[in-house]
Structure formats: structure tokens, C-alpha cells
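Assemble chains H and L onto chain W, guided by the hints.
Chains as they are written, first to last, in this note's numbering: chain W, 320 to 656; chain H, 320 to 656; chain L, 320 to 656.
Treat each hint with caution, since some may be false.
Identical copies go unnamed one by one, so any copy, or any two together, can satisfy a pair.
EDC-like, lysine to aspartate or glutamate: derived pairs with alpha carbons at most 16 Å apart [said to hold, decoys possible]:
hint : residue 1 : residue 2
1    : K396      : E429
2    : K385      : E348
3    : K524      : D558
4    : K327      : D409
5    : K412      : E519
6    : K443      : E394
7    : K591      : D628
8    : K417      : E519
Hints are computed from structural coordinates only; laboratory data are not their basis.
Here the structure is a predicted model, which means the values were calculated and not measured.
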Amino acid sequence: MVDIRFYKNNGPFTLAKIVEVTGAKLLDETKSQMQVMGLAYMENATDEDLCFFFDKKSKAKAVDIKAKVCITTNELKDLVPENVIILISDNPKLAFFKLNQAMYAMPEPEAKIAASAHIAKDAKVGRNCCIGENVLIGNNVEIGDNCRIDANAVIDDNCIIGNNCHIGVGVHISYCVMGNNCKIFSGARLGQDGFGFMFEAGQHKRIPQLGRLVIGNDVEIGCNACVDRGALDDTIIGDGCRIDNLVQVAHNDIIGRGCILVSQVGIAGSTKIGDYSVLGGQVGVADHVTIGSQVQIGAQSGVMSNIADGEVVMGCPTVPIKQFMKQSIYLQKAVKK
Amino acid sequence: MVDIRFYKNNGPFTLAKIVEVTGAKLLDETKSQMQVMGLAYMENATDEDLCFFFDKKSKAKAVDIKAKVCITTNELKDLVPENVIILISDNPKLAFFKLNQAMYAMPEPEAKIAASAHIAKDAKVGRNCCIGENVLIGNNVEIGDNCRIDANAVIDDNCIIGNNCHIGVGVHISYCVMGNNCKIFSGARLGQDGFGFMFEAGQHKRIPQLGRLVIGNDVEIGCNACVDRGALDDTIIGDGCRIDNLVQVAHNDIIGRGCILVSQVGIAGSTKIGDYSVLGGQVGVADHVTIGSQVQIGAQSGVMSNIADGEVVMGCPTVPIKQFMKQSIYLQKAVKK
Amino acid sequence: MVDIRFYKNNGPFTLAKIVEVTGAKLLDETKSQMQVMGLAYMENATDEDLCFFFDKKSKAKAVDIKAKVCITTNELKDLVPENVIILISDNPKLAFFKLNQAMYAMPEPEAKIAASAHIAKDAKVGRNCCIGENVLIGNNVEIGDNCRIDANAVIDDNCIIGNNCHIGVGVHISYCVMGNNCKIFSGARLGQDGFGFMFEAGQHKRIPQLGRLVIGNDVEIGCNACVDRGALDDTIIGDGCRIDNLVQVAHNDIIGRGCILVSQVGIAGSTKIGDYSVLGGQVGVADHVTIGSQVQIGAQSGVMSNIADGEVVMGCPTVPIKQFMKQSIYLQKAVKK
Chain W
320 MVDIRFYKNN GPFTLAKIVE VTGAKLLDET KSQMQVMGLA YMENATDEDL
370 CFFFDKKSKA KAVDIKAKVC ITTNELKDLV PENVIILISD NPKLAFFKLN
420 QAMYAMPEPE AKIAASAHIA KDAKVGRNCC IGENVLIGNN VEIGDNCRID
470 ANAVIDDNCI IGNNCHIGVG VHISYCVMGN NCKIFSGARL GQDGFGFMFE
520 AGQHKRIPQL GRLVIGNDVE IGCNACVDRG ALDDTIIGDG CRIDNLVQVA
570 HNDIIGRGCI LVSQVGIAGS TKIGDYSVLG GQVGVADHVT IGSQVQIGAQ
620 SGVMSNIADG EVVMGCPTVP IKQFMKQSIY LQKAVKK
Chain H
320 MVDIRFYKNN GPFTLAKIVE VTGAKLLDET KSQMQVMGLA YMENATDEDL
370 CFFFDKKSKA KAVDIKAKVC ITTNELKDLV PENVIILISD NPKLAFFKLN
420 QAMYAMPEPE AKIAASAHIA KDAKVGRNCC IGENVLIGNN VEIGDNCRID
470 ANAVIDDNCI IGNNCHIGVG VHISYCVMGN NCKIFSGARL GQDGFGFMFE
520 AGQHKRIPQL GRLVIGNDVE IGCNACVDRG ALDDTIIGDG CRIDNLVQVA
570 HNDIIGRGCI LVSQVGIAGS TKIGDYSVLG GQVGVADHVT IGSQVQIGAQ
620 SGVMSNIADG EVVMGCPTVP IKQFMKQSIY LQKAVKK
Chain L
320 MVDIRFYKNN GPFTLAKIVE VTGAKLLDET KSQMQVMGLA YMENATDEDL
370 CFFFDKKSKA KAVDIKAKVC ITTNELKDLV PENVIILISD NPKLAFFKLN
420 QAMYAMPEPE AKIAASAHIA KDAKVGRNCC IGENVLIGNN VEIGDNCRID
470 ANAVIDDNCI IGNNCHIGVG VHISYCVMGN NCKIFSGARL GQDGFGFMFE
520 AGQHKRIPQL GRLVIGNDVE IGCNACVDRG ALDDTIIGDG CRIDNLVQVA
570 HNDIIGRGCI LVSQVGIAGS TKIGDYSVLG GQVGVADHVT IGSQVQIGAQ
620 SGVMSNIADG EVVMGCPTVP IKQFMKQSIY LQKAVKK
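Pulled out of the complex, with its shape left as it was, chain W reads as follows:
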């Protein structure tokens, strides 16, 4: 159940409106003017709510649905109690997603620049931007239109940020060129020095880090994540990547389109990842490794060598996931003997 202290409820919605938003089909059309007050999960929904039911595995719970309305599939509809009004959708999850967006559309903050923000005279800030308290925008920075930059964010000299970007509270961005529609969450550190040293005269001397961080369009980077800039070439994050909280991406990494890096992943320097690959939580990847496209790497795996397109691996070092499971079972049996 959504707490209206935090979220504006644009409802109630009539079933006709819901059909319009979701493309679902109302079985009993006489009810098109009935209203729904809110959205909730199957197990929590009250008789004023709409819920969804799409997963056969939850059918035991379907008997107890107390919602007024349920979006489900044609196949599952007979499992829903008789008094619940049914909407049929090929993809109830997507329908529910669209309805969430419509019913609880978040109000955009007003476009204004806080008096306490420090914006360099030669920085360019696009139209309709919202710049929060104590934000710092350095010399020669360029920020596109419709951007929102939250309190205490720091954007260092010469950075370029595209249109429709949302930079969260306390984010720090340096040596970065960012595309459009990106969302950077609170506390992320982008474009800082890579961890590269040269041992000389008993000391680890930092190698000058002279590259950039280039971020594509529609990228999200999570809270307190760190993405270092390149040493001489660039660190590159492809379009549509989703990077979770507390992830580390090192200098000169090149990550393709639509990759997902789950929380606490760490990727060492100069590693390449193809498109639409998924790295589970806490995965570590060695430096100078090449990972293909549509690769899936199980959580906590340690990648030490290249992985071809489409492989599904796990373990440290990684092996095909079925083999990882077999190894675990083998070991469990071996010590029980």
C-alpha cells in the first residue's frame, strides 16, 4: 500500500481509465465506471485496491485475494475468487508497472536555482534546470536542459552533462562527459583518479591519470558507487547501463550497452564487457579481462579470465553455472563419506 505522506495518489481511477492506461481487457464491461483507490500486492490489497497476479507459483495465495480488482492472465483468471473484478492482460506485470506510474506520478520539482548554489560565471546551464542548495558547478561546465542537480552535488571544471539528467545529493563528478537521461544517485563519485601506481625508490608513485569518464545516454549509477576516469584513454559506460549501489568500476574499463552491475560489484582496470551482460552482486573481475555480450555471472563470482558471449558462469574462478552447482554437491558428499 502506498503511503500518501510520501507519494501523491492521482486516483481514484475508474476501470475505464485503467483499461486506457494498461491496455488490459475488462471482462465485465458494466463495471467500467467503478473506481479503484490504490494499488497493492496480492497479499496486502484491501477491497478498495487493485492488485496483480501473474505468477502461477503464487496460486495458493490467489484464493485469498481481497482486492476489488485483479489484473491477471486469461490462463490464471479462474484461480481468482469470484467476487473480484478481473482485467485480462498478456503481461500483468507490465500493466501494473504502467498503472503505478500513472497513479503515483511523482511531481517534478520546480525549475529554480538555489541562492546558495555556486555556479562559475562561464558555466552553461540549460533551460528549465533545478539546481539545489550548496551545489557547486565549476568553470566551463556545460549542463543541458531539464536537468535536476540536488543539494551539495559538486561538478568540477569542464564537465559536460546532457539533457534530462538527475544528479543526486552530494554526488561528485570530475573529468566527465555524460549523455542524456542519466540518473546518478546520492554520494556517487565519478571521474576520480584510477588506482595505478609505479613502484620507484621504495614508494608507490601515482601514475598521472589523464583520461576521462565517458557515460552514454540513459545510464543509472547507484548510491556511493565509484567510477574512476581513465589513465590516458577513457573509462566508458555504454548507453542504458544500470549500476547499483557501492559498485566499483576502475580506470579504463569499457562497459557496453545495457549491462547490469548489481550492488558491490568490483571491476579492476582495463577490463571490457560487451552488451547486455549481467554481473550479480559482489562479483569481482580481474584487470585486462574481456567479458562478452549477454554473459551472466552469478553473485560473488571471481572472474580471472575472458568469458565468451552468452555464457552463464559462477564461482571463483568462474566455471559454467551447472558445473559450479555440481562442484558444491560433490564437495558436500565427499566430506560426508
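Using the frame of chain W, we list chains H and L on its own:
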């Protein structure tokens, strides 16, 4: 030895005072007016200090105690050199803890609101609060009595913070309802968007995150830790939980009372943990898993399936800890053959 | 190729100048007045650039060098195409490093104190310091000469910072004594409370944390890293240590000189590490462990017991690295049978 540059020493304390604070028993009562200047560990204590000795394993070091006074147990007292004054306690560790608090009680900062803080007009701030420089408190926020909110913290619209809470430097809190007596350390990110996507038309679309983060009473959350809010239901952190630095708690997780999550633990979404369970450092837990109460999970373990109450497990995937140790030994022997 | 939007190019450099900076030998001295515009890696360098070639493993690529000038060794020089001008160096990597520094030397920010900085009246700030916007410097803090403290950093009461230190954006420092020439990156949290509790009356009571964090000279600590102060004794980071992003160092750890802790390493409390040891990414170390000097610990390893000087280990629990590899191969073969 405590550095009085950083900590105020309320001493010297007479032994009578120490008896009063700790409940320990002074063997030689004629010495009750003697004084102790400070507290230190056994190996560092000088002849003006008090130390404690509670662990039989350290008995080799006891011979060298140079402290003026030692709190120990009746069982161990004969191991302490003769010239050291002895106080007997059933629990010397607890006695030392109480004495630490009494001798070095930290002065509370003055209750005042910094001129540079931005507090929304309709926010409610309780009595006797200390609000630091550049703090931002959003619309309709409610903050209880005796709270301390340190510099650069940002509390977004509508959040509720209970009494006696301490919010650290640069913390960011959104969509959160927090109980009393909580301490949130520097740089923690609470209530940000969960990492939930739906793949549609070649793009990972973010699922609207419409839940809250509900934090109980007496909870501590460490530096740079991230606790996301729920997607539709809430993320819940139970009373008395202790969450260490750099931990990740994902959306819709429900954590019971008194759990301990050691540094760099990562818990994926919709997972439940019972009461008083302990997760060692760098443990990872998959999504939708149920972990019971009083479970202990060894450091770096990867939890992929449910764990019953009271189990003690380790490894990835987790097995009973004894079996984990056997597996390690088995493998070491196998390759030596 | 270095982007002059972000980095000032002090070039072009004549080959004579390059010889002067690097100590390399120009084979064809008639070319000493020729000029180089920039520096680039072998594979990207254009005919205006200088590149370097030092690794025999890259010899296949050497054929395609398009750079104007290449720094290489006497041994490798014959692999470079004939039209490329050659400079000979015993250590081309070091030569390139020096050249990077000379050609793209970063301009130091102007020494000034931002009007929005809050500096306590009794704090001492040395000569030629640069204090950024909204920086907070507490009571009785001492800061040396030539320091740079970036925006939103918070340095709490009584801390001591040496000369030539660079404190990054949003860093928070408490109970800390820091040497000279240190660099602390954006978002690091230094000197916060250790994670130490005592279970009493159903509650985890925090043990008072009364120690300091003592940091030597020439230490670097990465973005969003956390280094807690000691409980009663100090946490100590030795001279020349390099600590990467998102690392956790717990209370009372003592780390020797020149150690390298790669990203996401986590070290539990009261652990000791000798000099020049290297911990790979995501390594975890248990509490109260002693690790010797010049130890190398492979990425993701879990250290549960002491490690002697010079050992090279991997795995969880750690074993000699060769044995770790054998164990992996053994397991892979065992399940294929």
C-alpha cells in the same frame, strides 16, 4: 591510553568512585581513596592507569601488568602481580565499559541551529536539537526532541525522525520513518530507489519505487551504507539492529530485531531475516530468501536459500560451518596426494 | 589521447626536451629539434604523438605503431616500424610516466579560502592553503602548509593534518592525526566509531570508542573508503599506504608501510599487517589476525589466520596460490568424471 586532545578525561577517579560506577569489589578497602588517572589495555597501562583482565588466554601477559589497578575476576586474580591493586568483578569487561563511559563521557554539543541550515517552513523540529551547518530539512519533515543532525545532512520531504537521533555528516535520508535513539553515520544513504527494472523494448526500465524505509528504535547504520526503500511495500529495519559501514540493504528487505550486519554485507531484495541473527563481513544474500532468528553466517558466505533458526553456516553456497571447514581440509588434502 | 578540454597540454615538446625529462637516448640525434604534440598508447597514437613500447607480449601490435616517436628498450627497438623515431630507455614505462607529468602538469588551484567555509576561530590553517566552498573546520584543528581542502569536506574538532595534504570533496575526518603529503579522495570517512558492541540486557550496547586514527606520511585513501578510529588504542595507517575506493579498515587495525589495499577490501578489527603487503580486490580479513610483510593475497580471498612474511596466498580460507589453482582444477576434473 586515551588522548586528551580528543577526549575529555573526567578523572582522576578514586577507587571508591570506581567501585560505585562498576559495582566491582575492592579487595583492600584501605585503598579506597587512592586515585586512577586513566584507563588503558593491559599491555599499555602505566602505573597511573587502571586496566582490566578477563580472558584466561591472556594470562601470559598478566605477569607484566604495570597498571596501578586491575579489574579482574575472582578466578584470575592470583595471576596479577602482587603490587597491583585488585578489583573483583563478575564481568570485568562490562565494568571496564561502564568506567570508560563515566571517565570519558563525551560532552554533548550545544543545542543550536546553524544559520546556514535550510529548514523548510512547514518542517517540525523538536526541542533541544542541534542542527549543523548547511543541513537541509525538506517540506513537512518531522524531527523529534534532542536530535543532533550534523553538517551537510539532507533530509528529504515528509520524513519522520524520532527522538534522540544522531544523523551524521552528509547523510541523505528520503521516504523514511525512523524511530527513537537511532544513530546514522557519515555518508549513509537511506531510502533511495531500489534496483528494480523491467526489460521492455531493449531497455531496462526502472520500476517505480513507491514504498518507504521504516527504521525501528535504537538502530545504528554505518558510514557510507546504503539502505533502499521498498518498491510498493516497505523496507524494514527492526529495533536494535547494528549495520556496519558500506553495507547494502536492498528494497523490500525485512530485518528483525537486534541483527548485526558486519561491514560490506550485501542483501538483495525482498529477503527476510529474523531476530538477533549475525551476518559476518562481506556476506552476500540472494533475493527472496528467508533467514531465521539467531542464525550466524560466516564472513564472505553466499546465501542462496533459506536458513532455519539457530543455524551456523558458512561458504558459498552456505553449509553448516563444520562442514565448510571439513570441505576446506578435504580439498587441501586431495591436491597434496 | 589526452583531451585538452580537461588537461592543459604544456607541449609541444622537442625531442631534446623529452630526452631531458626522461633520460632516454635519441638514436638519431639530428632529430632533436623535432616536436611531439601529445602522448598516447601504442594502439591509438597518431603521427604527432609519442608512444611507449616496453612489453614483449605486445610485439604483435608494434608493427602497427603510427606514432611519430616511440620510447622503447634496446632489446625491442627492432620491432618498431622504420619510419618511427626511436628513443631508448632502460625503463620506458617510467620514462612515459615522467613525460606524462611534465607534459600535462596539472595547474594547482589558487590558494584562497572560500567565503562560505566555516573555520573555527581557534583552528590553525597553514600558509598557502586552498579551502573550498562550505568546508567546515572544527575547534582546535591544525592544518599544515600548502594544503588543499575541497568543497563540503568536514574536519572535526582537534584533528591535525600535516603539510601538502589534499582532502577531497565531502570527506569527513574525526579524531585523526595525519602526516604530510596525504591524499584523501572524495567521500572517504575517516575516524568514525568502530563497530564494537557488548550484548547486555537484550541489547547490543556500543562500546565507547576512545582511540584515534593515526595516518602516516604520503598515504592515499580512496573514494568512499571508511577507516574507523581505535576503541582505546589507535588505528594506524603506515607511511606510503595506498588504499583504494570503498575499502573498510576497522578499529585498532595496524597497517605497516607501503601496503596496497585494492578496492572493496575489508579488514576486521585489531588486525596487523606488515610492510609492503598487497591485498587484492574484495579480500576480507578476520579480526585479530597478523599478516606479515611483503605478503600477497589474491583477490576475493578470505583470511582467517596469520600469514607469514612473503607468502602468496589465495582462497577462503587462504592457501598458497599454487594450491588454490590446483584445488580449482581438481574440483573441475572431479565433477567431469
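Practice problem: Provide an ascending list of the numbers of those earlier hints which the structure does not satisfy. | Solution: 1, 2, 4, 6
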